[in-house]
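> This is what each chain is made of:
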Amino acid sequence: MKKQKKYFLNAIDLVAFNMELKKILSYPLEFWANTLGLILVNILIPYCIWQAIFKARNITEMYNLSFNQFIFYFLCCYFVSASVLGAMSKGSISQEIYQGNINKFIIYPIQYLRFKFFNSLAYSFIILIELIITICVHKLIFGNQITILAFIEFLPTLILSTTIGFLLVANLELLSFWVDSVWNLQVILRLFIQMGGGLFLPLFLMSESIRHFLYFTPFPYLIYYPIGILTKFYSVIPLHHLLIIQLFWIGFLLLLAQSLWKKGLKQYSGIGI
Amino acid sequence: MKRYIILYTHFLRFSFSKALHFRVDFFFRFIMDMIYYAVLLYFYDVIYEQAPNFGGWSKEQIRLFLASYFLIDALDMSIFANNLWMFPVNVNKGDLDIHLTRPINSLFFLSTKEFAASSFLNILFTLSFTIYAFHLIPQKVTFAATVLFALLILNGLFLFYIIHLLFLLPVFWTQGTRGFEELYHVSTKLLQNPEQIYASPLRFVLKFFIPLALINSVPVQLLFDFQWKNLGVLILISLICYTAVLKLWKLSLQKYQSASS
Numbered sequence: 001m002k003k004q005k006k007y008f009l010n011a012i013d014l015v016a017f018n019m020e021l022k023k024i025l026s027y028p029l030e031f032w033a034n035t036l037g038l039i040l041v042n043i044l045i046p047y048c049i050w051q052a053i054f055k056a057r058n059i060t061e062m063y064n065l066s067f068n069q070f071i072f073y074f075l076c077c078y079f080v081s082a083s084v085l086g087a088m089s090k091g092s093i094s095q096e097i098y099q100g101n102i103n104k105f106i107i108y109p110i111q112y113l114r115f116k117f118f119n120s121l122a123y124s125f126i127i128l129i130e131l132i133i134t135i136c137v138h139k140l141i142f143g144n145q146i147t148i149l150a151f152i153e154f155l156p157t158l159i160l161s162t163t164i165g166f167l168l169v170a171n172l173e174l175l176s177f178w179v180d181s182v183w184n185l186q187v188i189l190r191l192f193i194q195m196g197g198g199l200f201l202p203l204f205l206m207s208e209s210i211r212h213f214l215y216f217t218p219f220p221y222l223i224y225y226p227i228g229i230l231t232k233f234y235s236v237i238p239l240h241h242l243l244i245i246q247l248f249w250i251g252f253l254l255l256l257a258q259s260l261w262k263k264g265l266k267q268y269s270g271i272g273i
Numbered sequence: 001m002k003r004y005i006i007l008y009t010h011f012l013r014f015s016f017s018k019a020l021h022f023r024v025d026f027f028f029r030f031i032m033d034m035i036y037y038a039v040l041l042y043f044y045d046v047i048y049e050q051a052p053n054f055g056g057w058s059k060e061q062i063r064l065f066l067a068s069y070f071l072i073d074a075l076d077m078s079i080f081a082n083n084l085w086m087f088p089v090n091v092n093k094g095d096l097d098i099h100l101t102r103p104i105n106s107l108f109f110l111s112t113k114e115f116a117a118s119s120f121l122n123i124l125f126t127l128s129f130t131i132y133a134f135h136l137i138p139q140k141v142t143f144a145a146t147v148l149f150a151l152l153i154l155n156g157l158f159l160f161y162i163i164h165l166l167f168l169l170p171v172f173w174t175q176g177t178r179g180f181e182e183l184y185h186v187s188t189k190l191l192q193n194p195e196q197i198y199a200s201p202l203r204f205v206l207k208f209f210i211p212l213a214l215i216n217s218v219p220v221q222l223l224f225d226f227q228w229k230n231l232g233v234l235i236l237i238s239l240i241c242y243t244a245v246l247k248l249w250k251l252s253l254q255k256y257q258s259a260s261s
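So the protein sequences, as listed, match chains F and L. Letter by letter, the first sequence follows residues 1 to 273 in my numbering. Letter by letter, the second sequence follows residues 1 to 261 in my numbering.
Any given hint might turn out to be false.
Just some of the chain L residues that point at chain F, by a computed CB distance under 10 Å [claimed, not checked]: (1) 31; (2) 162; (3) 193.
List of simulated lysine-lysine pairs, DSS-like, C-alpha gap at most 27 Å [claimed, not checked]: (4) F:55 x L:189; (5) F:22 x L:93; (6) L:207 x L:2; (7) L:59 x F:55; (8) F:55 x L:207.
It is worth saying that the hints were derived from the structure and are not from the lab. For clarity, every value in this text was computed on a predicted model and none was experimentally measured. C-beta atoms are modelled at their ideal positions from N, C-alpha and C, and glycine is treated no differently.
Let's have the full structure, built from the sequences with the hints guiding it.
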């Protein structure tokens, strides 16, 4: 029983989660203004762009998707990407390495990356609640076809894509042991996730060669496919295939992170740079 | 004025010497921006495949529109952005004190002390791209219109900085560590599209309240379709913004408590 607690979920995980949740909500005015503003702008921009395109072509459907479905796709994209990218803004791994602040984590009986992962889940949890509320409101107003079963199928894909997102960022931030600045790399990764994940454009609008290349990267499995599972707007790979691919990327990135962490610690001076 | 020019040359010297110590940052910042530009250009390529007359803009016009946005962004990243990123944290921790006691304009010092030398290459690249995009437009453009365009782009840069600052100044009241930084960043996405695609109420907001449309959309539009009314609005709103930010800065300093939050 003790062994299971150690490896599955323990009190420190919950502390890490709660701590970050309190931190996020500690300045309520900033939190609500940023949250509502982000949602509003992220609806407005795709709405205006796709309205201009639908108007210019004088059509009601494009690639078998109505205008409302397009907007709902981008709305879901915003939430899923926010959950996946949440770790980016909250992740302070590189800062802690640069400032020599990981010393305490080395001394304490805590797994550092695990602690950070539960930290980042706090933001993703808030996003999940926002997504559920949005789907319900959208269903009431526009009557979308999202079923409870589709949402249950979507949930594990979202959890796994959030985990992949965290590991991608963590691997990049662990490079801080060797490199003097990683925030540029983080922005590059963010752009790849947004473009390759279908946040800017649905993948079915991209050229065949780009799509083919993207299938060999983790990016489409972070946003585009999970939303496909949720909305059923376009054909995607079967759920079990998606889960297997996501688990493969988690395994690969986890091994890489552990290796970087071990090698980095040998390099780490303890006083920062 | 001379004192400020001398001071700024010192800032530049320090920044370039610091940048040479962080060569990886220098390299990756350039790569980062190139990828960012490529993503936006590809995005518009796909959009124009779907709608060749997007928002009433031709592909050549949209290329110049994007080029001017890239140029303003590169200038902002080099001159102001690095200084403003840490601004809310400095207010929150009470770290402004040392800057406020210096015998120069505190806003000038806080906004310009760090020049991002690693973004300097991007200025050169985006300037070349803007000139290239300018040459590709089929319409004949007069010399006067070209000069006006250059001046309006410069004005756009200052508006960009002012709007960023306006999103951060509420931190003096909220005492947070971020201000409305996230909201600002997401709002700047509105800059990436010509204002004509937005609905009328939003266009009104983007011209008169959060004048993002005046940064690059209206200047490019004036180049192709000059209207005194639009130029007048642009100058008037810019002047209001410059005055408002100075007044708000003074008001914010009165609210500043020096204490760490």
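> All hints, please: hold or fail.
Results of checking the hints against the structure:
no., hint, result
1, 31, "holds (7 Å)"
2, 162, "violated (18 Å)"
3, 193, "holds (6 Å)"
4, F:55 x L:189, "holds (22 Å)"
5, F:22 x L:93, "holds (19 Å)"
6, L:207 x L:2, "violated (35 Å)"
7, L:59 x F:55, "holds (17 Å)"
8, F:55 x L:207, "holds (23 Å)"
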